[in-house]
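Colleague: Input sequences plus hints: build the corresponding full structure.
Here the sequence shown stands for residues 574 to 767, numbered as in the working numbering.
Calculated from the structure, these hints are not laboratory results.
Even for Gly, the Cβ is constructed at its ideal location relative to N, Cα and C.
Misleading hints may appear alongside valid ones.
Said to hold, decoys possible - Ranges of calculated distance between the beta carbons of each label pair, as one might list FRET restraints: (1) P700 x S579: 33 to 41 Å; (2) G711 x Q662: 22 to 30 Å; (3) K631 x A717: 28 to 36 Å; (4) V741 x E649: 28 to 36 Å; (5) P767 x G594: 33 to 41 Å; (6) R719 x K699: 35 to 43 Å; (7) N688 x R658: 17 to 25 Å; (8) I634 x R696: 33 to 41 Å; (9) V627 x E586: 15 to 23 Å; (10) Q654 x D596: 18 to 26 Å.
Stated by the list, open to error - Mimicking DSS-like on lysine-lysine, the simulated pairs with C-alpha atoms at most 25 Å apart in a straight line are: (11) K699 x K626; (12) K650 x K631; (13) K758 x K684; (14) K709 x K643; (15) K643 x K626; (16) K630 x K650; (17) K630 x K699; (18) K699 x K631; (19) K758 x K709; (20) K709 x K684; (21) K695 x K626; (22) K709 x K695; (23) K709 x K692; (24) K695 x K684; (25) K626 x K684; (26) K650 x K684; (27) K630 x K643.
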Amino acid sequence: MNQTISYYNEHAEEYCAATVGADMSFCRDRFMAFLPAGAHILDAGCGSGRDSKVFLKKGFIVTAMDASEKMCGEAEKLLGQDVLRCTFQEMNFQNAFDGIWACASLLHVAKSEINSVMKNLKRALKPGGIIYVSFKYGTGERTAQRRLFHDYDESSLRMLLENCEFAVCDIFITEDVRETRQGEKWVNAIARMP
Numbered sequence: 574m575n576q577t578i579s580y581y582n583e584h585a586e587e588y589c590a591a592t593v594g595a596d597m598s599f600c601r602d603r604f605m606a607f608l609p610a611g612a613h614i615l616d617a618g619c620g621s622g623r624d625s626k627v628f629l630k631k632g633f634i635v636t637a638m639d640a641s642e643k644m645c646g647e648a649e650k651l652l653g654q655d656v657l658r659c660t661f662q663e664m665n666f667q668n669a670f671d672g673i674w675a676c677a678s679l680l681h682v683a684k685s686e687i688n689s690v691m692k693n694l695k696r697a698l699k700p701g702g703i704i705y706v707s708f709k710y711g712t713g714e715r716t717a718q719r720r721l722f723h724d725y726d727e728s729s730l731r732m733l734l735e736n737c738e739f740a741v742c743d744i745f746i747t748e749d750v751r752e753t754r755q756g757e758k759w760v761n762a763i764a765r766m767p
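Modeller: Rendered as structure tokens:
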């Protein structure tokens with residue numbers, strides 16, 4: 574994980590420039606449909622702040638966080654508000670959020686740690702709260718550009734969520750929206766806290 578965070582610290586500007594314009598509206602709209610007006614959303618692994626900016630414009634309250642100090646700085650520039658520097662393992666929220674948006678961020682969490690991280694996220698949600706997660710589609714773990722990736726498919730993602738006692742609302746596959754990543758697939762899920 575430290576190598577992954579170091580990568581994002583070293584490449585924050587470049588990474589944000591490459592992802593800030595990615596059109597995630599399809600997934601965001603599906604997530605927002607489950608939330609009440611004015612809901613409090615945790616953008617967990619906010620990266621550039623792209624999605625937080627949309628949520629704020631839609632009238633939601635947003636707490637943005639990222640593990641990379643430099644990514645937090647980039648997101649703060651975009652959002653005009655503070656961004657919390659925090660890892661999933663360090664999170665200590667309780668009953669705080671109506672929704673958690675974890676877009677392309679949990680994929681860096683080792684499978685040996687993912688259950689405890691999911692419990693941290695679950696603890697952060699209010700009863701009946703909604704979580705969105707996305708992972709690169711596949712199986713196993715790999716390293717690319719010094720970053721650790723853990724891939725999931727529909728079956729393994731459903732198992733992860735159900736083992737952590739989330740009620741799965743939707744699992745769906747999407748194509749990567751970045752022009753340079755055509756043909757790459759993502760598995761997405763929306764689940765509810767009991």
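Colleague: Any hints from earlier that this structure breaks? Give me their numbers in increasing order, please.
Modeller: Violated hints (numbers, rising): 8, 25 and 26; every other hint is consistent with the structure.
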